[in-house]
Every structure is written in C-alpha cells, then in structure tokens.
Amino acid sequence: MSKWEQFKEQIVNSPVWQSMFRHGYDDTPRNRVLMVSGNVWLHLHPSKVRRHGVRLKFTWCMGGITFLMFLITIVTGVYLMFYYRPVAEYAYADMKYLEFDMPFGMVMRNMHRWAAHAMVIAVWLHMFRVFMTGSYKPPREFNWVVGVILLVLTLLLSFTGYLLPWDQLSIWAVTVGSNMARATPLLGHEGPFREFVGVNDVYDARALLFGGGEIGPHTLLRFYILHCVFIPLVTTVFLIVHFWRIRRDGLSGPPL
Amino acid sequence: MAAPNEPKVLATVGTAPAQLDKAVRVENTLRKARGPGDDKIHTWPHLVRVEFLCLLLVLAGMIIWSLLVDAPLEEPAAPTRTPNPSKAPWYFLGLQEILVYFDPWHAGVVLPSFIIIGLMVLPYIDINPKGNGYYTYKERKYEIQTFFIGFHVLWISLIIVGTFLRGPGWNWFWPWDPWDSHKVVALTSVDLPYVFGLRDYWVSAAFGLVLTSAYFVLGTILLYVWVVRKKGKEFMARWGMARFGLVSFLYLNMIAVVLKMVLRLGFNVQYIMVTPWINI
Amino acid sequence: MIGRGTVEAEEKRSYGALFLLLIALLIGCMLWALWQDTFSRHLWKKYKTDFYRFAIGKYEAELVKDRQKLEADETYVALTKELGEIEAGGAATNETAARVRELQKKLTAAEISVFEDDLNFRFVKGEIEEAWYYYEKARHEGKDGHKEKARLDSLLEKKIETEKTYDHTVGERDAIVAELAQADERKLEITEKLRPYHKTRELLALKLDAVSLSVFGYRVPKVPVIDQVVLPGFERNNFEQWVDRVDRCQNCHVPIDTAGFEEEENPIKTHPDRAYYLGNHEKMGCTPCHGGQGPSINSVEQAHGEVAHWEDPLLPKADKIQAKCLTCHPSALGMKGADVAARGESLFREMGCHGCHLLEGFEHLDSAGPSLKRIAAKAKPEWLVEWVNEPHTFRPRTRMPDFLFDREQAIDVAAYLLASSLEDGLAWLETHEEPTGVNPGKAAQVASGKELTQSLGCLGCHGFEEDQFASQVAESKDTGPNLARIAEKTDARWTFHWLQNPRAYSEVARMPSLRVSDEEASAITSYLMTLKKENPAAPDPALRKRLAEEETIARGEQLVRRYGCGGCHVVNGMQGESRVSVELSTFGGKHPDELAFGNRDDLEKTWDAWTFNKILTPRTYATERLVSAMPMFRFSESDARALTVFLASKVESKLGEHYTAHNAPGAIAALAGRESITRYNCQGCHSLDGLEGAIRKYYKDEDIVNAPPVLRGEGLKVQSDWFVEFLKAPVRMRPWLKVRMPTFGLSDEEASKIVGYFEAVEGYNLGGVVVQGPGEADAPASGAEPQQVPEGYFECGACHMEGPGRVPEDKYWLSRVGLTDEAKASWLAQHLDIKLPGTGGDHSRADELREFLGTGVGGP
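Keeping their order, the protein sequence lines are chains A, B and C.
Residue 1 is where the first sequence starts when you use the numbering used here, and the numbers rise one by one after that.
Residue 1001 is where the second sequence starts when you use the numbering used here, and the numbers rise one by one after that.
Residue 2001 is where the third sequence starts when you use the numbering used here, and the numbers rise one by one after that.
So here's chain A without its partners, still in its complex pose (with noise of 0.2 Å):
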C-alpha cells in the first residue's frame, strides 16, 4: 500500500472517525442501505423505493419541491427575523433597511417571496398529480385529508406574511381577504343570522384575525406570530403525521 493509502487507513480506522461514521462507504447492498437507515435525515426514505419513486414523469417531484421551498422560506425567514420589527413604526422602515442596508438583505428578501409563493404553486400542482395517479384511494384516503390541511396551513403561511411588509399592497390585500369574515354567519357582524349571536364590529369573526375593530399595529403583532410560531409548528406537525402516512403505505404505484 502506499503512504496515501496507509494515511487513509489509519484515519478511516482511528476511534475518533468510527464513531462518527459507522459503516464504510463501498459501493455494496449493505451500505446502500445504510447509508438511508443509518442516516437521521435521510432515513425519512425507506431503503427500497418501488421503481416508478424515481421517475419524475410519475411523481413530478412537486411533495419534495414544496418541502424544499419550505425550508428554503425558514432558512430566509430566520434571516430576515433578525432584521424585521413587527411594529408599525418600523416595519417598512425595515423592509427598506433590508433592501440597502443588510449585506444579501434584498436577496433574502427576494428568495422568501417567491419561495413563498412558489411553495403555494408547487402545493397545487402535488395535490393535482397525486389526484391524476389516484394516490389518495385505499388505503391513502386519511393522507390525502392531512394533505388538504396542510394546503389550507400553506395558504394561511402566505395570507399572514402578505401583512409583515406593511406597505399598501400589504394591508388592503389583508383587508380584502378578512373582511370576507365579517360576512361568516352566526359570527360575522354582518354576516346573515348575526342578531342571533349578538356580534359586533369589534368583537366578532373578523375582529378575531384583526385584533380588533379594523387592521392596525395589534394585527401586524398578531400575524407575525402566527406566521413566524404557530402556524409553522402546526404545519410541522402535520408534515410529520403526512411523512409518517407515506412511509407507512408506502409511495403509490401500478399493481404489480
């Protein structure tokens, strides 16, 4: 052997290396495997996947590219976290603060949006494939349900970080999209049935998402922490009860 391959060895073999990296890395069946089970962050994946997994005519790739854009507007959203006040004072002072000031400040800015949005594309266009391959029949059905909350947690990840700019666009598209709430029955204050309950324009349906009678610096406070705690944790949950439902009935394919 010669002195790079003894070198290697000695490293490959030494107590520090084997307990970090517990199985080698030749190309056999058996690492193969390992490499997935063995792994926290891939042992998501089963070890074996049936063949039609890996073509992306079948799958569109469209589940793993909204998860991707989903980390992708964590990693972004943690970043613009430590820039971002969600006070009125300061919330579109900042906004201008991370488009010149901030090194990437604007490009983080950029990733997040359009992550964002993309997210809320690629979450259609999964729920469309999965409908044209029938992956929500037998025994998938309670899956495809978690599916749809998680589409409605998407929708309402966006809805909430539509307000945090704070700008025009931002508070009348809010306001477009609550003042519908005020029109719920039984619990809008102008929604049909409302004198049965006895709701008003502060304390009602709308109010709920407002924090108060109409949009303000109480309902940029509120739709921060949902956009940024609640909501991303539900959506964890969810995702992980969805991961959980895939490994279990396996990914869906042609009968054998």
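You may find that some hints are simply not true.
[Claimed, not checked] Facing chain C, according to a computed beta carbon distance under 7 Å, are these residues of chain B, among others:
1) L1056
2) A1060
3) I1063
4) L1067
5) V1069
6) E1074
7) E1075
8) A1078
9) S1181
10) V1185
No wet-lab data here; the hints were simulated from the structure.
Yeah, the Cβ is synthetic: ideal placement off N, Cα and C, and Gly gets one too.
Fit chains B and C to the supplied structure of chain A, relying on the hints for placement.
Frame of chain A, contents of chains B and C only:
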C-alpha cells in the same frame, strides 16, 4: 391466492351503517420485496440522487430569479387611503372574483368551506378502484373531469380573471385596455324574480326559494338518473345514498357558480333569491 | 451493483454531467450574488470611494503647491537649513553637541530615578490606605488597635520621606531639562518660527487623514462606512405613531458639509451657501428640505426617490423645493432662499384667494377688494355694468378677476349691488354734500391738483396715466387702482369726500388720509375729474329701469351669492355667507387620481400640471357637466408658478413639535407686522425688507433725498412707544419734505404689530405687547419747527441736516426723540462711538451729547 396484478379485496366492514355494507374497500398494498423481478431499487443512490438534482435545479432557479426580480414594496400603509383596485393576494383572487356573483357570506365563507370539505372527502366518495397508482384517463373519466372543472377551469381561470382582467372599481378591463380609475359602468342588473315580472318582495322571495330548492332537487334527480344510466344500478347501490347525496350537493354548488356567472355576465341578473337574511 | 432484480437502464444511467452543470450553476449564482451585493447593488461604496480618491488627489496637489510656496520663501529655506544642520549636529560647535549628548544621557537616568521614586511614593500611599483599613477594622471589632496604629504611623513617616525624595529627584530632572532647553535654545527658537509656515501642511494632513489611510507610505482611500443623520420622532406615520427620519444622502454627496468643494460637480460638491442652509444640518438632515428617499444608498434613482411608490421624490431646486420651507416655518415672507414661495404666499393674500378658499392660517385676513356697501353713492350704473362684465377692459391691471359674465348677467349683478347699497349710500350722501370749490374747468386748479398728486405721495400707490404704475402685487396687477379713467367711474362729490376721509365711506378702506385741506382736496378732485379716456356714458334710462326691476335684482342676488362676491367685497346681504369654494389647507397632498382633468388630455396627469393650469386658466377643466365658477385672474406664468409652489406646501402637518419653527417669537411678530405693512402698502413709499420703495422711481437721482426715507434699522434706533404714536398720528419729522406720511387710522394693536415687525427684524422681541401712545393731548402739533442745535456745539451740522433745504448726499437724518428706552440708547451710544468723528473712544463727550439729545432736541 390473488393473481399478481389483481388488487387484494379486504373483508367487508361489519359494523358500518347499512348502506355501506355493500361497500368494498380495496387496498393496493405493497408486496414485500421478494427477489428477482420485484419492483424495488435502492433509495441510495437512485432516489436520493434524483431528489438532489431536483433540489439543485430548483435552488439555482430560485437564486437566479431572486437576483433578477425584486419583491415589490409599495407606499407605506395608509389606512385612510384605499388603492383602486384593492386586490387580495393572488391565490385568493378566485374568491374575490366570485364576490361579484355571490354575497360575501357565500363567496367568502360558505364556498371556501365547501371547497375544503369537498377536497377532504374526495377519497371517501371516490369508490372507483381503478387508477390507484398510475395515470389513466379512460378508467376514471368522470372523476378527472369533475376535478378539472373545479380546479383548472374554475379556480385557476378565476384567478387569471382576477389578476389580469379586473381593474379599478373591479370593472372588466381587457389586457390591452389602460386602467382608467374614472371608468363608469352602469349597474343595471336586476334580480331574477324581477325579470319574471314579480314585484312584491315576499312573492319574489318565495319564488327565489322555490327556484333554488328546485335547482337542487331537480338537479339531484337528474344526476341520479344520469349516474344510473351511465354506471348502472349496482354501482349506485354500492355507492350509497350518503355519498351520492354529498357528491350531488357539492357538484350542484360548483355548477351553480358557473350558472350565476352566466346569468350575471350574460343576462345582467343579480340575485335569484332575496330574503331579509340571505340573498343568493 | 444491486445484486438482485433486473438491472434497468435507469439504474445504469449516470447523472454526473448534470450534477456538474448544476453545481457549477449554483456556484455561479453564489458568485453573482456576492458581486451584486458588493458592487452593483450598493452603489454608495463606489461614490464614496471615488470621492475619497478625488479628495486625496486634491489635497495632495495642494500639499505640493504649499511645499513649492514654502520652498520659494527665502526665510523658510534658511531656517529649515539651519535646523537641519543643528539636528545633524554639524553647524553647532562640537562642544555644544557633546554637552547636549551628555545632558541627554543624564536626562535618561534622571527619568528612570523619577519613575522609581514615584513608584515608591505611590506604593507607600497605597499601603497607608491599607493600614487605615486594618486600623479602623480593629477598632470596629473592639480591639485597641495599637499594632495597627503603630504600622500606620511608621508608614506615614515613610510617606513624608519618600515624598521628599521624589520631589528632589523631580527637581533634578527638571534642572536637566532646563539646561537642555538652553543648550538647544536655537533649535527651539527655529522650531517656533517655523510653526506658522507649517500650519497649512498640518491642516491638509488632517484633511487627508479624514479621507485616506497610509499604507506603506501610499495614500489609499479609506474603507467606506455608512454615515447617516437620524432625526428621532420626526413625524407621525399614517397610524399617528412617531417615526424617525433617516437620511444617508451624504454617502454619495460626501463633501456636502465640507468647505472646499464649491466648484465641483455634484455629487462631489459642497452645499451652496453652506453656512446658511446647513447651520442646522445635524438637526435637520437633507430630505426634509429636498425630498428623496433618505435611507437609500443603492442607486441615484432610488436615493432621489424617483422610483414607483415613493411619494416624496427629489424636488426641483428652481422653485418647488421652496414649498418645503413651509413645512417647518409658518411663513416664507422675508426668508432668504424662499422667494418663489414668499411671492406665492403674498399673491394668495393680495389677490384675495382667501375670500373663496378657506386656508388654515389665512382665515381672518381682511377682504381684498373695496367695500360695496355704499357703491350706489359712488359708481355710475352704466359704468358698473361694464365693469362687472369685463373689468380688464376698463382697467387692464386691476386685481379684480374676470367672471366671464355675459352682459345680461352683468346687468343682474349690478342691479343687486346697486339695490343692496342704496340705503347706506343715500345715508352717506346726506352727510356729504356737493363740494363747492371744485371746478375742473379751471386750468390753474387742475394744474395745482396735478402737482399735488405728484408731490404728496399719491404716486406710491396710484398711477394717473394708463401705463403709469409704481407698486404692484403681482406681475401686471396694481396695488392701488389706476386712476387714468376715474372720471368715467365716479363724480366730484364722491371723490372730494373720499379724499378727505376715506373711512367715513368705507370702514375697511386701505386708503389712508393725507390730511388734505379743503383747498387741496378741491384741486385734486378737479384734476381727477379731467382723467378720462372717453366721455362718461350718458345716463341710460332703459338700462336704469332694468336695473331697478325686481326680477333682475333677484337674479343678481343669486349670481352674487353663487360666485361669492362677498369673499372679496363687503356686500350688504352677503355678510355671513360661507366661502363658495373648497378648502385648500391640505390641497398640496392631493393625488392626481383625485383631480379632475376634464377634457385636458394633453396635460400630464400630475398635481403640478393640474394646479398650474388651474391657476392660469381656471375654467379649463370644465366639461358639459362639470361647471366651474372660478374667475380668470390673468396671472403671468411665473406668478402662477409661485402660487403653485405655495399651494404645494399646503399638506397635512405631521411634523414633530420640536422640529417646527413656529415658536420663533421674532417670526410671529414679523409675520403679524408684515400683514399690515402689505395691506397699507408701506413699500409703495419706503424701502424696507429688501425691497425698494416703489415711489422712488419717480425721483431723479439728485432729488432722491426728497423721497420718503429708507427704513433700515428702525427697530434698533427708534423707541417703541414713540414709534407707535407716530404711526397712529404722524408728525412732520422732516419739514422740508413735500411728500406726506399719511394717517392710516391704525389702532394701538395694529400699530404695535408694525413696530413689532421692525423690532423683530432687528432681533428684538416685543412679545406682542400693545404699546399705548401717550395720547392725543401730548401729541406734537404737525408742522412744528425743529429746535436748532446751538452754534458750534459739536458741529452736528457738519453731517446732519438740521433745517429745511436740500440735503446733500452725505448728510444723515437726525432723529428727534427723547432717550427713554435703554435698548435704543445703546444703539445711539454705539452709533456715537463709531460714527461720530472726533470722539475717538472718548466717551465723556459722547455722554454729554447723549444727555443733550435726551433732553434738548425736540421730542415729546
């Protein structure tokens, strides 16, 4: 033993309600890997590398897009000055568009709820065992068509309308029309009972109520007849009244949107039914 | 190497090429992002570095010039040469050099001893503190503390010793230093002499340090760092919260507040008139005056706010920027650098805009036009109809706008005006009879009247020929009506009584009384009655019949009400009517979407274009359905532009209290006073506030001293109570003058405001006090002779006029007041010390003179 290509039939569900006795839940389970000729390949490297390529491509695309196109930031928020037009985020523009045809409680609360509920119950009302895990059109024609109408035709095109064809005052502007905030469009729409010559408030309300109920009743009956003709009585028995009823209700609501659009855009009709509590 | 199952093409396929491509693409993207962030997105770095380089070049060039200048100076060269020789140890004798070296060695040793002794001393002091602590601790613990006390005492003794040693060592060291200084005497001398020569160089070195770093002897531009001005709590946002204003303009406009770059091009340019505009720079930033997007440092368009969705773009320096002055200041009048806005403001006042448009701060101004309460007693009905129909035909430079009435409407309006003023007019006529001495046929009387109009001061406000005018409020708009055709309008009876007492006819008359006698009034009236272009229209019975008809009068009333005549004129029956048009207090903030452009598709859809054209041609946006009642003022384009700039400043104020200049007491006083000064057209006669007295153009150069006096520095010199009294009832100050200061009928309050203006301009603050004059009984009689200064006493006559006659140019007026006001006395004291020849700092005589002036020369 089931032939390799036939789906496994599970036992019937014993404690289910009567209508579901005849329902059969067909599972397409995986077979454990058995040996040469089976369907599986190693995740590493085959799946993982495809995923990684996908990730690289999408990431590169995202970065390029982010470097080229800046996210918008308009004037600082001013609660006393409404921009014209004031549009919801693009994914809600479909709903904002149907606000033209329905009142907010229906367009903004009821219909979105139906959409979500409809999507959620989809696996439970679809009892066609075909198409489970592969692409086919012929074997699931009606399911695909329904989804297509709901998603692509209605949802997507309403978003397109809301984004590109609606301008100040939510008036109609073709893509080549400049957006004129002073455009005046005469609002000459009337309610359907008025079109039929009815002038009394309660008579009109009753008329509207009758019409709406008739729509659903007759619609359901027509749908029943049509399903039986296309798929046969055994299918209907297997499908069951609960499922059929649900499908019929949701489907008719969906078609109602199209009908209202036609009535409004083509015939200037505003409401079918006007009552002190709800208008439809 | 799957081992089982069939191996398909898919599994054999290599994606290596694709991987490589994508990784390369990603790396390329990363590099692109890095490049974008470092260079192309944040352009301020480039601008700042460019400036640093430029400045380095400039300063280094100046250094070179300085060095050349020094090298050309013989004294400098000689001194430097000598210094060099001393330092090299050559020119001085070897003995001196050796001694210096020895002393330097001794000094080093002495410094070490000083250091050691100082250390010992300090240690001892520290130990004493420690000993005190233990001693006190022992005592607190109830012990007797003898041991500790003993230690303390011994340390105290030691301290005294060490201190002595230390002082001694320091003394020795100082002695050596003194010796060295002596030995080096010449060197020190030269260094002191050279110091002034090096001043420029040191200054330039400091300047260079501000913009560069020295790296291995080379000057490189400093690493750019973001500078900003933060104005905390500057304004309220749309949610009524206080937000800061942040300006970063000086990252590209680096030397904006640095002297020396006045000749360069922007952005490397010092702010023009820097001391005036940037006195408050750290306090005010840039965007409050200029507009722009303060936080931006990315690109020129971004920083100047010339991008979509930024509502405050950079304003043109030519005029519109002046609108911003009014964000903080209550008025632009008299403000340097705000001439366009000031003209707009005074136009608004003078042309009577406040009569139809409510504007915050302009609610209570006096009406702009004459009272029509008694017009039936004054105007010939035929004339009135033509006037209402087309004012500019009769008097091209009248301030009255043209309402574009047709003749029928004019008749209706005239009918109402005549009917509503009939009662009051007749009452006035009853007490003001036909004058007996007026005879326009007599040439002598006419000539006398004409001469009077030319000498009494009428020319300050009026013109008597068609193209004659002195003071104007706007381009081609006279202050006082041109009288070239007055005989066509009214009769002798009205003119005579008006001249003698305008206030009796109209309570709101601006015209003052010139205290004309009956004879003078008759002469002037005769003259005025000859001023006509055509013969006055003969009485038209048909017209007069129509004017008396009920229906005509009723229609006229509707028109008068609709077009808001009451906004400018006092009209019977129209008191209490509200303003007929829109409020303009926030007009500057209107969006183009909120402005109706009518059929004017040719115009840019901007606020500027709309407003400018509206002022120029008010009915231009009218359509078949949208009517407009605003009359045509026939402004010139530059006047219209001035008004536009003024209106642009009318936005809702969201400024923080402590940023406004509203509390400058002088400003308030000056503004209040200016209102009256403008109303009574003081500038028609007197030069003040930077404007030339209008009447001065009628005086030939050699006669200019007969013109009304220039009012410069009055606030410094004139005592307040005397000034107020004078304004209320002018006395003959300079008896040789023919021109007459009129009696304006001012109240105490109004006179005090005017005096307050003069004082505020000089930096005094009267504080809004209403100064009472001493009262009529003590008022000096008009026409009293001045007291002469005794012959030979101070020879005041050498410079000051003391009596009637022509005044040579180098003579000064003598103020005849008693000195009771301390402040004004101090002015006089200064004046005496400085200007008076012969006192030369000898105050005793100045005191004497002061006393004399205080008691002797005239005065009340």
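Inset, instruction - Go through the hint on E1074(B) and say holds or violated, using the shortest Cβ distance to chain C against 7 Å. - result: holds (4 Å)
Inset, instruction - Using 7 Å as the Cβ threshold, decide whether I1063(B) counts as touching chain C. - result: OK, holds: I1063(B) within 7 Å of chain C, min 4 Å.
Legend entry - Restraint outcome when V1069(B) is required to lie within 7 Å of chain C by C-beta distance: violated (13 Å)
Legend entry - Hint check, L1067(B) versus chain C [nearest Cβ-Cβ separation less than 7 Å]: OK, holds: L1067(B) within 7 Å of chain C, min 6 Å.
Inset, instruction - Closer than 7 Å between Cβ atoms is the bar; does E1075(B) clear it against chain C? Give me holds or violated. - result: Result: holds, 5 Å to nearest chain C Cβ.
Legend entry - Interface hint outcome for L1056(B) [beta carbon to chain C under 7 Å]: Hint holds; L1056(B) Cβ to chain C Cβ min 4 Å, cut 7 Å.
Legend entry - chain C contact restraint on V1185(B) - CB to CB distance below 7 Å: violated (17 Å)
Inset, instruction - Go through the hint on A1078(B) and say holds or violated, using the shortest Cβ distance to chain C against 7 Å. - result: holds (4 Å)
Legend entry - Evaluation of the interface hint that places A1060(B) against chain C, nearest CB under 7 Å: Given a least distance of 5 Å, the restraint on A1060(B) holds.
Inset, instruction - Could you check if S1181(B) really has its C-beta closer than 7 Å to a C-beta on chain C? - result: holds (6 Å)
Hints 5 and 10 from the list above are not met by this structure, while the remaining hints are.
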